[in-house]
Amino acid sequence: MNEARAFLSSPLGLLAIQGTEDGLRAVQFLAAPTGTVTATPAHQVPGCLQEAYRQLQAYFGRELQEFSVATDVVVGTGFQQLVWATLPAVTYGRTASYLDIARQLDNPGAVRAVGAANGQNPLAIIWPCHRIIGANGQLTGYAGGLSRKRWLLDFERPSLQTSLF
3 MNEARAFLSS
13 PLGLLAIQGT
23 EDGLRAVQFL
33 AAPTGTVTAT
43 PAHQVPGCLQ
53 EAYRQLQAYF
63 GRELQEFSVA
73 TDVVVGTGFQ
83 QLVWATLPAV
93 TYGRTASYLD
103 IARQLDNPGA
113 VRAVGAANGQ
123 NPLAIIWPCH
133 RIIGANGQLT
143 GYAGGLSRKR
153 WLLDFERPSL
163 QTSLF
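Okay, so the sequence shown: first residue is 3 according to this note's numbering, each after it adds one.
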């Protein structure tokens, strides 16, 4: 199955979007501008990525708070996939702690494992790992960098509430 790729310009830099006809496989922040990669014009986005591209644009345009794209993630352990599956329940404007997620999984001792799984989330923003914070309210870890995590939380802040689900 052919994997398609597109690049979306966001307030946080370029996002690489990858997927197949079966669904979205990855949304990742590009580490640094390379000069050779530019945003994909909307009319050139491969068909299988058009909906994800559109929804991410709508999110950054404050027109969308909940994503509804098909996914086809083929990476991750069973535990990581369980953690990732809980993330969309932490809705726009809310945060939860790593402990909250571990408790949702009936495994309160797995806080560090939840953090590690969060760090491997292949669908940045779509599966909102940026909404997961330390039990003390501190921002900890984010594969895209803490400055991006802070920006995303501030972006959602008009209705931000610290509570799970």
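Since the hints were derived computationally from the structure, they do not count as laboratory data. Built from N, CA and C at the ideal position, the CB exists for glycine as well. Treat each hint with caution, since some may be false.
Claimed, not checked - Listed next, with one range per pair, are the computed distances between beta-carbon atoms:
hint: 1; residue 1: G111; residue 2: A72; range: 32 to 40 Å
hint: 2; residue 1: V39; residue 2: N109; range: 17 to 25 Å
hint: 3; residue 1: G139; residue 2: T38; range: 35 to 43 Å
hint: 4; residue 1: D156; residue 2: A41; range: 32 to 40 Å
hint: 5; residue 1: L141; residue 2: N109; range: 41 to 49 Å
The hints, checked one at a time:
1. G111 with A72: 32 to 40 Å: With Cβ atoms ~33 Å apart, the hint holds.
2. V39 with N109: 17 to 25 Å: violated (39 Å)
3. G139 with T38: 35 to 43 Å: holds (40 Å)
4. D156 with A41: 32 to 40 Å: Distance hint for D156, A41 is violated at roughly 23 Å.
5. L141 with N109: 41 to 49 Å: violated (23 Å)
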